[in-house]
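Line by line, the protein sequences are chains A and B. Residue numbering for the first sequence follows our numbering, starting at 1 and increasing by one per position. Residue numbering for the second sequence follows our numbering, starting at 1 and increasing by one per position.
Errors might be hidden in some of the hints.
Identical chains blur together in the list; that is why a pair holds if it fits in one copy or across any two.
Straight-line C-alpha distance at most 25 Å; calculated SDA-like pairs for lysine to any residue [as the list claims (entries may be wrong)]:
#	residue 1	residue 2
1	Lys352	Ala19
2	Lys93	Lys352
3	Lys176	Lys297
4	Lys388	Ala356
5	Lys142	Asp104
Just so you know, the hints here were simulated from the structure itself, not pulled from any lab data. Predicted, not measured: the structure shown is a model, and the values here were computed from it.
Number of protein chains: 2
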Amino acid sequence: MAAHSVSPLAPSQYPELPAIAGLQLAAGHTGMRYKGRNDVVLMAFDRGTTAAGLFTRSTMPGAPVEWCRKILPRGTARALVVNAGIANVFTGKAGQQAVETTADGAARALGCRSNEVYLASTGVIGQILPAEKIVAQLPKLKAALSGTSWMDAARAIMTTDTFPKLATATCEIDGKTVTINGICKGSGMIAPDMATMLAFIATDAKLPANTLQALLKSANNQSFNCLTVDGDTSTSDTVLLFATGKAGNTPYEKATDRRLADFRRALVQVMAELAQLIARDGEGAQKLVTIRVTGAKNDTSARIIARAIANSPLVKTAIAGADANWGRIVMAVGKTAEPADRDRLVIRIGGKPVTARGMVRPDHDEAFATKHFRGRDVRIDVDVAVGKGAATVWTCDLTHGYIDINADYRS
Amino acid sequence: MAAHSVSPLAPSQYPELPAIAGLQLAAGHTGMRYKGRNDVVLMAFDRGTTAAGLFTRSTMPGAPVEWCRKILPRGTARALVVNAGIANVFTGKAGQQAVETTADGAARALGCRSNEVYLASTGVIGQILPAEKIVAQLPKLKAALSGTSWMDAARAIMTTDTFPKLATATCEIDGKTVTINGICKGSGMIAPDMATMLAFIATDAKLPANTLQALLKSANNQSFNCLTVDGDTSTSDTVLLFATGKAGNTPYEKATDRRLADFRRALVQVMAELAQLIARDGEGAQKLVTIRVTGAKNDTSARIIARAIANSPLVKTAIAGADANWGRIVMAVGKTAEPADRDRLVIRIGGKPVTARGMVRPDHDEAFATKHFRGRDVRIDVDVAVGKGAATVWTCDLTHGYIDINADYRS
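Modelling step: build the complete structure from the supplied sequences, incorporating the hints.
See below:
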């Protein structure tokens, strides 16, 4: 795989993630695909850690996704093993054996059960994962475990990503300070539906597994579900949330409990930040595009419309070329067949209204719109004027870079 | 708009379309947008001509689409006026006035009613159509009418098309020879759903309007509905079929009448040929891609899966780069969430099976697949192993050319 230069949308600095009590991690190198960089991460959790997870809706899920789905009902976690380079997807029985070998190896190394070991893999589809190469690294990884290796871990899970993705926040439950850390990877094949590319979030909050799952699902709808790079939903999308319980708060059972309000806010903050980092590292991305649809029949309809705009190759190339061709936004709204009132539709580019009464406004300032499209942060608002549904989607433009990266990913 | 070099997939020669009794046509120049080429077509039909039409399902249809929908129930046609350069879409009341002005002008010129004048426009969205420029050309167009100007007409309706698109076939009804001619245009914003980009088909068969409509709808499902370039459904998709009735056959009422079998075959042949010409002229296309899905729950499910493969930017860029990355085909099947059996899925590239038992076959010949992807005609077959549904979709690869064309279409 060719190395690609760092996205111009990369953050100018990365946050330093604090340690989470009850969690240690380390990154290492298997050599299964990438040379001269780490490609495997081990996370170890203290006893008492609960787990929540969301996964791709693809009917062609990878073996690690099936594994995680199988062990998730148990609700506890002692380890997470992630590798980059080979996704272990569409690998038949050999793929199942590879996840079992990896989970067994980690369970032996850490002295836990294999059904407390979560797994995720990312990279090429269809190649068998050489699990023995991961297992061989586990002793070294165990010896290197530390509370603060978040940046190393974020780097080790990258594939076509051009920068590591990390976010952190603190909040309070019962007056106790709680930390939430997250890392993720993703750049292409990004159109998470009920899940996302690989994202791993951890907190020292004490929360029952069922509560954690409900909190994750809700936060996901306001973060990774608002993201698309290319409309191609991955076979490996996985978001996992681990709670070590060391913060000492009361473990409230109800996800909607008002005493968890600050935690919910902080969780959305971390996850939304991670999701936006993926859009900023979309393959070939030169611009971060935020699309807000309002006035839809309901929120689901608003999301369908926002995604149609975000995934339209004609809209994405217009943004790439700084051609404020708003007619293509009209097209994308129309093609969904979702309820929309053409003659009251209002499109705003960079905050300025472009349309009124089913046509362009007489005062439309094309020079302003073009200038806005030339910037790094593009904002498109569309009111479809039939109801109260709203949704936001983050995406990026479609450039020659996407084609360069994807016309020759495997070589 | 920059001129783009002719698609490498253009046919090596164009068919010569014979005259259709009862139909005359001419092309002319309004100068509304393009310099040095024709941009308007007038087709005139003798009394007794019936009409059928299918239109975009977009909720943002252009004014000409609304006009045609309004007059179609009458079922008769005396004229068709088509212009290229400005689509007259999202133009509010001014757009409605433009279609009325054009239809009234043509009705005056030809001595018919304005509700017998069909209209279609293609080009930029959001600009007002200067109808007076079309009306000013009508006398000249009327004087130039001839039975054989099909190539001129096909050229005059082009926008980003790099070659004109024509097809013809003959068939028999009651032992009478019947001719079917068709022209179309389309290159980007191509993902017709119940309709297509602009396509105009004419025959000398004698058929009642209702029968004609049923025949068109059925043939459309086997032709334009099998086509996608970029998944972006146009606001202007229009396919019109006119029957002058001069062939002297019995006007059978039932579209499924076995005495119309040869006509149905010929109609599908002409329309499928036109649809494939659009795929061959997809913006930036270097390869024609035929995707056949079998074994789906039903035909609708098969089409959803085939379209997901055809519209996947990752699949399209892999084909562009001649990277036989079949894992992306697995991804595209999976992302639809349509029923599919991962562990019995069979993908064939260029006819050779690649997968079995949920993984790559031991005898997979990657060199063969790569060589096949290097060719101009790419064939992908996918059996999803759950039922008897089948569908075929034609598309093209996604190349730097698409981005070049669309990042700066308007300038």
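Here is how each hint holds up against the structure:
In the homo-oligomer, the alpha carbons of Lys352 and Ala19 never lie at most 25 Å apart, since the shortest distance is 44 Å inside one protomer and 53 Å across protomers. In this assembly of identical chains, the alpha carbons of Lys93 and Lys352 lie at most 25 Å apart only when taken from different copies (23 Å versus 56 Å within one copy). In this assembly of identical chains, the alpha carbons of Lys176 and Lys297 never lie at most 25 Å apart, being 41 Å within a copy and 54 Å across copies at closest. Taking the shortest Cα distances, Lys388 and Ala356 sit within 25 Å of each other inside one copy (19 Å), while across copies they are farther apart (48 Å).
When the C-alpha separation of Lys142 and Asp104 is checked against a cutoff of 25 Å, the pair qualifies only within one copy, where the shortest distance is 14 Å, while the shortest distance between copies is 82 Å.
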